[in-house]
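Just need the whole structure built from these sequences, with the hints factored in.
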Amino acid sequence: MKNVVIAGVGMHKCGRYPQKSYAEMALEACINALDHAMVSWRRVSALYAAHVQQGVSAGEAVVELLGQTGIPVYNVENACASGSTAIHQAYFAISQGLFDIVLVVGFEKMKKGVIGGTFDELNISEQLGLNVMPALYAKKANRHMKLYGTTPQQLAMVAVKNHKNGVLNPYAHYQKEVTIEEVLSSRLIADPLTLLQCCPTSDGAAAAVLCCEEAADQIGVGSKKVFVKGSSVLTSVYGHSEEELTRRAARVAYEMAGIEPRDVDLAEVHDAFTIGEILHYEALGFCPEGEGGRFVAEGRADINGDVAVNPSGGLQSRGHPLGMTGVAQVCEAVWQLRGEAGPRQVPNAQVALTHTQGFGGVCSVHVLTK
Amino acid sequence: MGTVYIKEGLYEIGENNEVYLLGSECSRCGERVFPARPICPRCGARDLRQVRLSREGEIYTYTTIRQAPPNWQGPVPYTIVVVKLDDSTVVETHLAEPVPEKVEIGARVEVVLEKLHDRGEDELFVHKFRLKEQEVTE
Numbered sequence: 286m287k288n289v290v291i292a293g294v295g296m297h298k299c300g301r302y303p304q305k306s307y308a309e310m311a312l313e314a315c316i317n318a319l320d321h322a323m324v325s326w327r328r329v330s331a332l333y334a335a336h337v338q339q340g341v342s343a344g345e346a347v348v349e350l351l352g353q354t355g356i357p358v359y360n361v362e363n364a365c366a367s368g369s370t371a372i373h374q375a376y377f378a379i380s381q382g383l384f385d386i387v388l389v390v391g392f393e394k395m396k397k398g399v400i401g402g403t404f405d406e407l408n409i410s411e412q413l414g415l416n417v418m419p420a421l422y423a424k425k426a427n428r429h430m431k432l433y434g435t436t437p438q439q440l441a442m443v444a445v446k447n448h449k450n451g452v453l454n455p456y457a458h459y460q461k462e463v464t465i466e467e468v469l470s471s472r473l474i475a476d477p478l479t480l481l482q483c484c485p486t487s488d489g490a491a492a493a494v495l496c497c498e499e500a501a502d503q504i505g506v507g508s509k510k511v512f513v514k515g516s517s518v519l520t521s522v523y524g525h526s527e528e529e530l531t532r533r534a535a536r537v538a539y540e541m542a543g544i545e546p547r548d549v550d551l552a553e554v555h556d557a558f559t560i561g562e563i564l565h566y567e568a569l570g571f572c573p574e575g576e577g578g579r580f581v582a583e584g585r586a587d588i589n590g591d592v593a594v595n596p597s598g599g600l601q602s603r604g605h606p607l608g609m610t611g612v613a614q615v616c617e618a619v620w621q622l623r624g625e626a627g628p629r630q631v632p633n634a635q636v637a638l639t640h641t642q643g644f645g646g647v648c649s650v651h652v653l654t655k
Numbered sequence: 003m004g005t006v007y008i009k010e011g012l013y014e015i016g017e018n019n020e021v022y023l024l025g026s027e028c029s030r031c032g033e034r035v036f037p038a039r040p041i042c043p044r045c046g047a048r049d050l051r052q053v054r055l056s057r058e059g060e061i062y063t064y065t066t067i068r069q070a071p072p073n074w075q076g077p078v079p080y081t082i083v084v085v086k087l088d089d090s091t092v093v094e095t096h097l098a099e100p101v102p103e104k105v106e107i108g109a110r111v112e113v114v115l116e117k118l119h120d121r122g123e124d125e126l127f128v129h130k131f132r133l134k135e136q137e138v139t140e
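Which chain is which? The protein sequence lines are A and B, in order. If you read the first sequence in our numbering, its first letter stands for residue 286, the second for the next number, and so on. If you read the second sequence in our numbering, its first letter stands for residue 3, the second for the next number, and so on.
To be clear, the hints were calculated from the coordinates, so they are not data collected in a lab. Glycine included, every Cβ here is placed at the ideal spot set by N, Cα and C. Misleading hints may appear alongside valid ones.
Unchecked claim - In silico lysine-lysine, DSSO-like type, Cα no more than 30 Å apart, as pairs:
| no. | chain 1 | residue 1 | chain 2 | residue 2 |
| --- | --- | --- | --- | --- |
| 1 | A | 396 | B | 134 |
| 2 | B | 9 | A | 425 |
| 3 | A | 397 | A | 425 |
| 4 | A | 431 | B | 86 |
| 5 | A | 431 | B | 9 |
| 6 | B | 134 | A | 431 |
| 7 | A | 425 | B | 86 |
| 8 | B | 134 | A | 425 |
| 9 | A | 425 | A | 287 |
| 10 | A | 396 | A | 431 |
| 11 | A | 425 | B | 104 |
| 12 | B | 9 | B | 134 |
As the list claims (entries may be wrong) - For the chain A half of the interface with chain B, some residues (derived, Cβ under 8 Å), not all of them:
| no. | residue |
| --- | --- |
| 13 | 413 |
| 14 | 414 |
| 15 | 415 |
| 16 | 417 |
| 17 | 427 |
| 18 | 428 |
| 19 | 431 |
| 20 | 469 |
| 21 | 470 |
| 22 | 473 |
| 23 | 476 |
| 24 | 523 |
In C-alpha cells:
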C-alpha cells in the first residue's frame, strides 16, 4: 500500500451563476488545483467526478474542456457524500498502485428551494411528502432537545459561528455575520429549523490532485505534502441511527490513521442544518453524547477552540453544492494544514478531519495529516 | 371522483371499521416492518408472513413542514410523526387533524385512514396517526 498525498487543491467560489455551466465552473476549480500542485493536466492518469443532479457523463463534459487525453473517467454519486466518496475511491486506487496522479473534482448547479425527494415517484415515503431534507434534521433536533435539553439558542450558535468563519473565506457563498436573534426569527422551514439554520442552495466546484508519494516527490511538493491517512465510506445498519453510522465511519478513519478524536485540530463536518453539527461533535467523539449544545455554546468549536469545527464556514455559509462539498472540505483541510488559510488559519494545524453524510444513510470520513 | 391508495395491500379494515396497517413479520427473528417486503431487513430471511400491525403506539419524534418541495400536491404546513407501534414496528406518516400547538414526544396515537390530497379526479387516502385522548402527565 502506497502513501497517498494531496498535492494541490482549488475551488470555484460558491454562489449563483446562471450564465455558467457546471463544466465551466468545474474547469476553473481543476485549473486552480493543478496550478496549486504545479502539475500539468497531461500528467493526470484518471479523473473522478462527483455530482448528484447534473446528469449523464458530467465528468466527460469537464474533460472535454480540460483536454481529452483518453484517461479513465469515473462519475461518482452518493448524495451529499458524493465528493467524499470520490476522494475515497481515488485514495484507494492510488494506494493500491492503480494510478500515480489523479484529479478529483466535485461540482453542482442547484435550483432554489427545499430539496425533497429522490425522484422515485412510486416510493411511499416520497408520496407521503416525508423526504424533505430539512424535515429529516428537524426530527433529530426535536428529539435532541427533548432528551438533552438542547436549546434553540444553541442550535442558532452553529449558524452564527459558521457565518462568522465564512466572512474570512473568499470561496464562501455567504460572507455576512448573523446574530442568534436573526437566525431564530428567520422563517420556519421545518420546526424547529428556521431558514438561517439551513444551508443555502448554491452553485460551486472544488478539485484536488491526489498522488502517490513518489509522484509527489517528482512534482516537487516537498514539505507541503498533506497525507490522506484515513478514509471511509459506510452506510447505515438497519435499525441503527445515522449518528451511529457517523461513529462507525469515524472509527474506521481514526483507526487507519492511528489517532483519537482529541488529536484532531480541525474538522470540516456536515452542517447542512445546525442540529447536524451538534450531533457530529458527539458522534465524532469531540464531546460526550448529549453535550453538543453546550460544546458550541462554550466556544469549544471556534477556530481558537478545542477543535476548530468548520473554519471554512461550513455548508451553512460556504453553501452545499451537493457534489462539491466533500471535495471542498478536503480543500479547506489542505489549506489549513499547509498554513495557507490566511485570517481563518487554525493555529498549529497538524491533523484534519472531513465528514459528510448523505440521504439514504451514507457517511464518509477522512483524516488528513502533515 | 373515487378513492385511491398509494398502493394495494397496505391496509385492512376490521369488523368495527378500525384500520389495520398490513406489514411483514419475519418467521426467523420476529421483526415487523411496514410496508411489507420479501426480505427481512434485520436478519435477511426470506420467509416473511403478512400480519396486522398494532393499531396504537407512541410518538418518537416529529416536525411540521412549512416549505414543501415543488411537486407536493397537498396542503402546507403539514405535521409528520415517527411512531413506534406497540408491537415495535416503526412507522412514519402525517399526524391527523387536529394538530396541537405542541406535539409531545411520547404521546399515544392510533392509526386512521384519511385523505392526503386530491389526485386528479380522485382522492388519495393514506394512513395517518391521530392523537388519543389522554391525561397530560409531566
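Okay, the hints, checked on the actual structure:
1. A:396 to B:134: 41 Å, violated
2. B:9 to A:425: 29 Å, holds
3. A:397 to A:425: With Cα atoms ~24 Å apart, residue 397 (chain A) and residue 425 (chain A) stay inside 30 Å; holds.
4. A:431 to B:86: 17 Å, holds
5. A:431 to B:9: It is violated: about 35 Å lies between the C-alpha atoms, which goes past 30 Å.
6. B:134 to A:431: Holds: residue 134 (chain B) and residue 431 (chain A) sit about 21 Å apart, inside 30 Å.
7. A:425 to B:86: Holds - the C-alpha atoms of residue 86 (chain B) and residue 425 (chain A) are around 15 Å apart, at most 30 Å.
8. B:134 to A:425: 24 Å, holds
9. A:425 to A:287: 40 Å, violated
10. A:396 to A:431: 34 Å, violated
11. A:425 to B:104: 16 Å, holds
12. B:9 to B:134: Holds, at about 27 Å.
13. 413: 6 Å, holds
14. 414: 5 Å, holds
15. 415: 6 Å, holds
16. 417: 6 Å, holds
17. 427: 5 Å, holds
18. 428: Holds, because the Cβ-Cβ distance from residue 428 (chain A) to chain B comes to roughly 4 Å (cut-off 8 Å).
19. 431: Holds - the Cβ of residue 431 (chain A) comes within 8 Å of chain B, reaching about 5 Å at its closest.
20. 469: With a closest approach of 15 Å, the residue 469 (chain A) hint is violated.
21. 470: 15 Å, violated
22. 473: Residue 473 (chain A) check passes; min Cβ-Cβ to chain B is 5 Å, inside 8 Å.
23. 476: Since chain B brings a Cβ to about 4 Å from residue 476 (chain A), closer than 8 Å, the hint holds.
24. 523: 5 Å, holds
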